[in-house]
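Colleague: Protein sequences, first through last, are from chains E and Z.
-10 is the number of the first residue of the first sequence in the working numbering; add one for each residue after it.
-10 is the number of the first residue of the second sequence in the working numbering; add one for each residue after it.
These are calculated hints, taken from the structure and not from any lab test.
Zero decoy hints are in this set.
Straight-line C-alpha distance at most 30 Å; calculated DSBU-like pairs for lysine-lysine:
(1) E:Lys126 to Z:Lys163
(2) Z:Lys126 to E:Lys126
(3) E:Lys130 to Z:Lys130
Label pairs and their calculated CB-CB ranges:
(4) Z:Glu123 to E:Lys35: 33 to 41 Å
(5) Z:His9 to E:Arg225: 37 to 45 Å
(6) E:Asn97 to Z:Ser212: 26 to 34 Å
This one's a predicted model, so the numbers in the text were calculated from it and none came from an experiment.
For glycine and all other residues, C-beta sits at the position ideal for the given N, C-alpha and C.
Number of protein chains: 2
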Amino acid sequence: MTSVATLLAPVEEDLKTLNHNLRQLIGARHPILGAAAEHLFQVGGKQLRPAVVLLIARATMTDGEITARHRRLAEITEMIHTASLVHDDVLDESETRRGIPTVHSSFNNRIAVLAGDFLFAQSSWYLANLDNLEVVKLLSKVIMDLAEGEIQQGLSRFDSELTFEAYLEKSYCKTASLLANSGKAAGILSGIARDRADQLFEYGRHLGLAFQIVDDILDFTESSETLGKPAASDLRSGHLTAPALYALEEQPALETLIAREFAEENDLERALAIVHETRGIERSRDLARHHAEIARQNLAHLEPSESKDALDGLVDYVLRRCN
Amino acid sequence: MTSVATLLAPVEEDLKTLNHNLRQLIGARHPILGAAAEHLFQVGGKQLRPAVVLLIARATMTDGEITARHRRLAEITEMIHTASLVHDDVLDESETRRGIPTVHSSFNNRIAVLAGDFLFAQSSWYLANLDNLEVVKLLSKVIMDLAEGEIQQGLSRFDSELTFEAYLEKSYCKTASLLANSGKAAGILSGIARDRADQLFEYGRHLGLAFQIVDDILDFTESSETLGKPAASDLRSGHLTAPALYALEEQPALETLIAREFAEENDLERALAIVHETRGIERSRDLARHHAEIARQNLAHLEPSESKDALDGLVDYVLRRCN
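Sequences are here, hints too, so could you generate the full structure?
Modeller: As structure tokens, then:
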């Protein structure tokens, strides 16, 4: 088993530089946001998104050396992701993320809205200054998709009519769009051909979908301690994900519990039991594997390199999380 | 006295189209935001910002006919402005704006954050699709300035050391940047020369500063009914504007009241009395006139037209509000 740290070795130094730059950017200029920034980047986790950008950058440059614009793109990617997390936590009224109190609960809504707006604004500004209209379009689309995904999620709570297609579309908007578009943008900054850039888009899209499906499985299979947030919080909040949607196909009884929003005693426990009794989780794992496989196929055009191997290894890493 | 409606006659039809498009954009696609959108555009007021864009567009096109990209720019301008208002109301916890309850008080913080994010996201996307990198940069700078202005405002509450320079910088960020950059962008979309585009920037900048200074005067001179929000709310919240800053120069006693955040009985009343006893309001009017005059001078390069007259008339209109 390869650890994430080992996997990301080709861009370990790049990620350190990125972290340093991001802290400078927010903390140094604005003390009011400084504490929130420290907090944010502490929670940051594995920085999968900028890592993918940096790995694609290295895998697509013929000399393996990345440019300042690639680095800036990776920073923009992390800023957009962080901004969306901060606002999502306000929207969802989440108290913790990865076991650490959220910005809006540690500070207040005011600082959380402000910090998110500042990060979105800064990313738009950096983006425009990459001086590449195609890259601007790709990343603007991500910002649109994130807002769209959040709206879709709000609209579909406790809606047992939610189609699988709509679930995947929402997962694309909220998770995969950023990986797909920023990965493609990294290739474009390296000057690769259009069809190869499109394959990088597909890699990011399917890796992102696999990642989200695995996350949705873990919400059912892991404890609160491991998750760093209350277990089964998706279902509890009415967010129907792959395991619940498959379970609904097998056990229509689940529909009644969802429709009344688990209002009666033991409703949630009964619903969870139904999901575990059906093939919901097993079929979700198959779905994640399916997307992981397509992600992997879209790396075939890359020349052999340490960074290509890491991109391939990330696919396994995502799947391993739920096995 | 010319009414605003008469002044804006050259773009009256354009503004109707803009309103229709903006309502379509939000309401039709997202019922959850539909009610909030209706609400927003009801409050919208005189739509000074898109009107300036449309007037500049008409004044700079040789045939007086504007393009689809000019219209889109005007929509983007109004979307950015509206998004910032919605988030500002969350940040300031304002209950009303122009006498109408704010989105976050009529609905909730969740919808307000979501509606603002959606509008910012949509404007980034439209912006990228104008296919003009210079215009993208100008408007991204506006989004940065709005966030920066909001942060500066938060940092400087009840700070009697606030310099006049910092006050004008904050006013530029929060109000003038949008008029300056979108006005210049309208000229660029018309294909005018760089030095003329820069003059349009200066027109917008000084018109915006005059507008903000007048707004700051009105907060001291008008009743709650006329303002549609509590009177003297700037000073009450610790936002020191031109009249208070001039008064501080003449009457250092005001400093003590501000430093203790009007904590003792009648502190706010005493502070207001001091502002009215000094030449604070008179000097603020002079300052607004000064910026209005510079705005006017920067229209000299435009060929005579109905739209140019309207841009000139807007300068008078802004000043008339506080006379």
